[in-house]
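A.B. asks: So the protein lines, in turn, are chains A and B.
Heads up: the first sequence begins at 85 in the numbering used here, then just goes up one per residue.
Heads up: the second sequence begins at 85 in the numbering used here, then just goes up one per residue.
By construction, these hints were calculated from the structure, which means they are not laboratory data.
Virtual Cβ for every residue (Gly too), placed ideally from N, Cα, C.
There may be inaccurate statements among the hints.
Result set (PhoX-like, lysine-lysine): computed pairs, CA atoms no more than 25 Å apart in a straight line [said to hold, decoys possible]:
{"id": "1", "chain 1": "A", "residue 1": "Lys409", "chain 2": "B", "residue 2": "Lys418"}
{"id": "2", "chain 1": "B", "residue 1": "Lys682", "chain 2": "A", "residue 2": "Lys615"}
{"id": "3", "chain 1": "B", "residue 1": "Lys170", "chain 2": "A", "residue 2": "Lys217"}
{"id": "4", "chain 1": "A", "residue 1": "Lys577", "chain 2": "A", "residue 2": "Lys766"}
{"id": "5", "chain 1": "B", "residue 1": "Lys777", "chain 2": "A", "residue 2": "Lys220"}
{"id": "6", "chain 1": "A", "residue 1": "Lys703", "chain 2": "B", "residue 2": "Lys409"}
{"id": "7", "chain 1": "B", "residue 1": "Lys777", "chain 2": "A", "residue 2": "Lys615"}
{"id": "8", "chain 1": "B", "residue 1": "Lys220", "chain 2": "A", "residue 2": "Lys577"}
{"id": "9", "chain 1": "B", "residue 1": "Lys769", "chain 2": "A", "residue 2": "Lys769"}
{"id": "10", "chain 1": "B", "residue 1": "Lys355", "chain 2": "A", "residue 2": "Lys766"}
{"id": "11", "chain 1": "A", "residue 1": "Lys413", "chain 2": "A", "residue 2": "Lys703"}
{"id": "12", "chain 1": "A", "residue 1": "Lys615", "chain 2": "B", "residue 2": "Lys220"}
{"id": "13", "chain 1": "A", "residue 1": "Lys110", "chain 2": "A", "residue 2": "Lys418"}
{"id": "14", "chain 1": "B", "residue 1": "Lys220", "chain 2": "A", "residue 2": "Lys766"}
{"id": "15", "chain 1": "B", "residue 1": "Lys409", "chain 2": "A", "residue 2": "Lys220"}
{"id": "16", "chain 1": "B", "residue 1": "Lys170", "chain 2": "A", "residue 2": "Lys778"}
Output of the computed footprint for chain A on chain B, the stretches with three or more beta carbons under 8 Å from beta carbons of chain A [as the list claims (entries may be wrong)]:
{"id": "17", "region": "132-142"}
{"id": "18", "region": "163-173"}
{"id": "19", "region": "311-321"}
{"id": "20", "region": "439-445"}
{"id": "21", "region": "473-483"}
{"id": "22", "region": "746-753"}
Protein chains: 2
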Amino acid sequence: MSALRFPNLPPSEPQGCDLLAQERAKTTFSVNDLSVYLYGEEHLDRQQKFLELIENEPAFDKSDRYFLGRTERFAAALKKDHALVKLSQEQKWTPEEFTQADLLIDTPGPFGLHRGMFMPTLASQGNEEQQEKFLKPALRYEIIGCYAQTELGHGSNVQGIETTATYIPETNEFEIHTPTLTACKWWIGGLGKAANHAVVMARLITAGKDHGPHAFVVPIRSMEDHTLLPGVMAGDIGPKFGYNTTDNGTIWFDHYRVPHISLLAKYSSVKPGSGEYVKPPNAKLSYGTMVLVRATLVGYARIALSKAATIAVRYSAVRQQFVDKDSPKKVNGKIIETPVLDYSMQQYRLFPIIAAAYACHFTSKEMMRLYYLNIKNMASGNFSLLADVHASSSGLKSLTTTIATASIEECRRACGGHGFSSFSGLPLMLQDYSPNVTWEGDNYMITQQTGRYLFKSFRELVAKRSSGKFSASSITNPTLAYLNTYLDNPNLKCPATTPAQFHNPEIQLAAYGHRAAHLVSEIVHALDVEKRSWNSMLVDIYNASVAHCELILVQNFILGIRGDMPQPEGISAPVLSPAAKEALTDLSDLFALHMIHKQPGQFLASGYVDAKQVSMMGKAIMDVMENKIRPNAIGFVDAFAHPDYYLNSALGRFDGKVYEAYTEMATREPINQTEVIEGYEKYIKPFTNPEGKKGKTIQARL
Amino acid sequence: MSALRFPNLPPSEPQGCDLLAQERAKTTFSVNDLSVYLYGEEHLDRQQKFLELIENEPAFDKSDRYFLGRTERFAAALKKDHALVKLSQEQKWTPEEFTQADLLIDTPGPFGLHRGMFMPTLASQGNEEQQEKFLKPALRYEIIGCYAQTELGHGSNVQGIETTATYIPETNEFEIHTPTLTACKWWIGGLGKAANHAVVMARLITAGKDHGPHAFVVPIRSMEDHTLLPGVMAGDIGPKFGYNTTDNGTIWFDHYRVPHISLLAKYSSVKPGSGEYVKPPNAKLSYGTMVLVRATLVGYARIALSKAATIAVRYSAVRQQFVDKDSPKKVNGKIIETPVLDYSMQQYRLFPIIAAAYACHFTSKEMMRLYYLNIKNMASGNFSLLADVHASSSGLKSLTTTIATASIEECRRACGGHGFSSFSGLPLMLQDYSPNVTWEGDNYMITQQTGRYLFKSFRELVAKRSSGKFSASSITNPTLAYLNTYLDNPNLKCPATTPAQFHNPEIQLAAYGHRAAHLVSEIVHALDVEKRSWNSMLVDIYNASVAHCELILVQNFILGIRGDMPQPEGISAPVLSPAAKEALTDLSDLFALHMIHKQPGQFLASGYVDAKQVSMMGKAIMDVMENKIRPNAIGFVDAFAHPDYYLNSALGRFDGKVYEAYTEMATREPINQTEVIEGYEKYIKPFTNPEGKKGKTIQARL
């Protein structure tokens, strides 16, 4: 039993549960209707079903999560991954159902990359024989794999990896080898301790010729007893900022021989014996998968944003601090301190995060639709969507994961001191979410892909416009559309003269389009006319990608509310109630205007708006936050439908019993299990009572 | 012995040590001279001496730091605090020397608040008898104390705390009591397990009258055996984002009686028997201490910035990625990948952080000088400096700790994936530094203090100017000076027409002064003329405080280089070599121009600069970064003189042997101590080899 016991007293009045009840009574729309609009009934029902299966199962218990050290957390994650696979086999879950359950448990475990990268790589790059031999047992977890690409010395520059796989015609084998210390594979999730196979990216060398990185599937640990196979050395890379429940690993190979079937050969292959290299067809095909991964990450950004916002917004409605002298709050005639959510600064910090979550929701939906449409198009040889979708997905991955990471931290700080406590749920969330800004393309680096596409589009459009054969009505691509509008009138001015006019979505879209096109135009001028180097323009290129993607987010938010967002084939558009539509429109306005108001520089420089208009936007924002969004704030976060089990936060509880939960969690802190700390005799007593005086002798001194 | 062994191979060429040697050969100034200019010889000699004393002492060893869980880390910190006190007693260190040694060890321990808050409070608020009774044994660590102010429900609003201390005339005692759950003290460093006394802030109640929060020194744990005293319940508040080596604690009191001497009575007191309350004199006196604490935090921001920058800049000189096609690097005629420090984006991310460290260095020096000058002035009844110094110190605490936290994270990400590894040193640094944005005044909230002063100054100045009795030459206060310049000509335009002209410090200062004054003027108009509420203006007020404090940072950087910064009395100005002065001027230019270029909105809105000029600044920045700062980047961070023991980072090593150190650290990861993880039998084998097949039987399957 804990040596720490709290008094049997309630928190000071008013109680958190009463405050949240009042908030919920103010909501102008049906929270459940909005949840259904976002996720669909089926998803919500399944969440409820999974919650019942999972919540009380010891392997999925979260109550000790914040107390465990790395070794214990990894052990618990291995146990959880085992239990979840067993459960999924019993329940016959689809991969989508598995993911939904796994997200609720919210612990990245050692089998995560087996599902996330190993099996998908086998499926997309393995030939039939390889799928039979490797993928089938992998689906049954007889083979547990990982994806070994990054090396100690090479991450972003995949083409620069050093590990080699040399074809040996005599034995029809490949010899995998690590030539330098920097060639050791590094960061490989699941490799440290769990995996018995790896997909290894290595430079394929046949007859002395280097064909660059190719994927090989290789056994690394004994199927008998899990020991490392001869010629392989592997282990865990140690503690990290987050993701400590996953065994990110390192591996190196000492002239390690694998059979010919190891080279994943759906697209490129080596002819047995002769060693002749067969090239892959269109390299563009692999871009499709990248789009899918990035759309998924935009969806995860929505989850992170909505989770952090739920915690911070609920706690801000419960936490009171100071009396606002200009408009003091009263309950039963008695002045109370003001809930911090009533302070305009708190609203300015938190409400745009709620809005960003919705923007990411609609954007990830649209990215998924485009992904499937593009896949279908490509199958019939139509690559028209690919470049735009790929470029936007790079920039959107970068922008949304940057926003989400910053927002988790903002939510953490907006909880005051208590956001620093692990029990708020926000520190671990920040730590586990953080790799998103680096993996799947470093957030600065990959914006160059977006930039390259924007500049190419701009140059081609300018050429077409001056060719005499141009017709604006032929433009279907949204990027070309806003670039063309800009070229029609680079000096366009915003017509708004009152704060209210900034609620017009056409004005919002024009501001974002004009600013993005202006940046693109300036950069193309610098590169092509001033002949500045690409390297010297990287900051501007990053800004152009951000501008392009902020426009997409604003656009998808607007379309997502209108309900006229294009739907995947065969799926009918969900219906949004008029009350919820009105409420979401407030959020959409805030989303568009807040980003301009907070960082107006590029908008001002584009010439579309002036300083007076930015100041008017400030008034529009303050007005919509105080009068429209504030009453619905709790409704907006409730609609995300994150159960308490998922949040695992004392501050973000649905019932508002913040302080009761928080103090209860503290009693479970391991060092509270004894009243006197173990180190007392050795490290404190020698100062405070060196002679071991007893009773009154020593107490009397003070 | 670790089950993980790395190959006996060097990293790929070129080697990190060679790259750093080349960098150092390019430095245009003497690194040692610059270090001496920053810290003085005495400080540097002492650092060397302390390093020798500390580095090889087991209690101060850092090699296991990143592997330990919270319980073990706290135990190690208690051991360290004990050993450091013993050492300081042997060495007869002054408090300043103690702090310097403690900073090198860089582990906030359970005795930290005893030194940082408990003893200073006794010294400043205790009368002579109390100093004799409590402070003297505290200096010998017979009493170990903490400072219990914050409660579960009240942090920022100290006036709202709920704990009461009721005077009982019959026994001449105070009864300390916790009336609600939210009144439990919370976050109290050192209270969780270590302290046997506490300074408790409680509402003093005499004869039914509430006199608000007062400080009481109370025993909480037995001097005999460290058990909690009857009527007191205390413990640790559990795991946190950082600071897990400190036992932040909670305490509550059940009608706990303490003697009359417990009320710290230097300023206010209660007459024994009658219970008559004696008011404190001028409340302003306590503002002085706040200025000191905040100046110290600005100094710590410098330490954090310089430490993070050292790691990221050194690693960015060693880490190579991609070949820059426009200007490929060669070594011995062979093209190598480009060190990431050569990419303009990396420079734009990291060089302003180096610059910010220097700006904070000079600013904290100047704040210290003003603190002592103000103390001297106040002693002779002169309060003329107090308001300005107090207001600026609030805003500077907020601004510099916000910059430092963001910069640690930026440095972490700028190390690519490896910044996510604990071995980079950056994750723990971020976690332990983070409370700075919340404690000693939440970074958003306290800017209201700065704002209030700025608006008051502006109103008074406007009134004076229109009174007819105004002479500009009478202005000595720097805030009034820039406000007055603005009022002289609110439509002033920047005269620069070329990028080079922005290197003129007068233009830089004018831009910052004009922007800050413009914001102040707009807010005063909104409050006084448009009658907008204070709450509705909080975002603008925050921006005004930032603008004011950015001006101060720019100003102090410029003065700090010129060598004409005012010196504390009796201290002669240190001398900066011409080469170092030139190099620091480049950094100062970058500091001033980068902030405008990155967030130009308010500068544009103020009318002082236009978009074309901001674009010119961009060119000036890119030029100074590539041609001036890049060659000196390693010199600038070396001059911070942070030893490897302090950095505790595989990436930031002085010798550049990054990958050797990094892999060596991984071998020490606890889960690498056995080849096969403990959970294998239970959680992996049931999938991979459920029937326990042996040897060829199972290997043959693949």
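A.B. asks: Confirm or reject each hint.
C.D. replies: Outcome of the hint check:
no.	hint	in the structure
1	A:Lys409 x B:Lys418	71 Å, violated
2	B:Lys682 x A:Lys615	23 Å, holds
3	B:Lys170 x A:Lys217	65 Å, violated
4	A:Lys577 x A:Lys766	74 Å, violated
5	B:Lys777 x A:Lys220	19 Å, holds
6	A:Lys703 x B:Lys409	48 Å, violated
7	B:Lys777 x A:Lys615	67 Å, violated
8	B:Lys220 x A:Lys577	72 Å, violated
9	B:Lys769 x A:Lys769	49 Å, violated
10	B:Lys355 x A:Lys766	42 Å, violated
11	A:Lys413 x A:Lys703	23 Å, holds
12	A:Lys615 x B:Lys220	72 Å, violated
13	A:Lys110 x A:Lys418	21 Å, holds
14	B:Lys220 x A:Lys766	23 Å, holds
15	B:Lys409 x A:Lys220	44 Å, violated
16	B:Lys170 x A:Lys778	24 Å, holds
17	132-142	violated (count 0)
18	163-173	holds (count 4)
19	311-321	holds (count 7)
20	439-445	violated (count 0)
21	473-483	violated (count 0)
22	746-753	holds (count 7)
The structure is inconsistent with the numbered hints 1, 3, 4, 6, 7, 8, 9, 10, 12, 15, 17, 20 and 21, although it conforms to all the rest.
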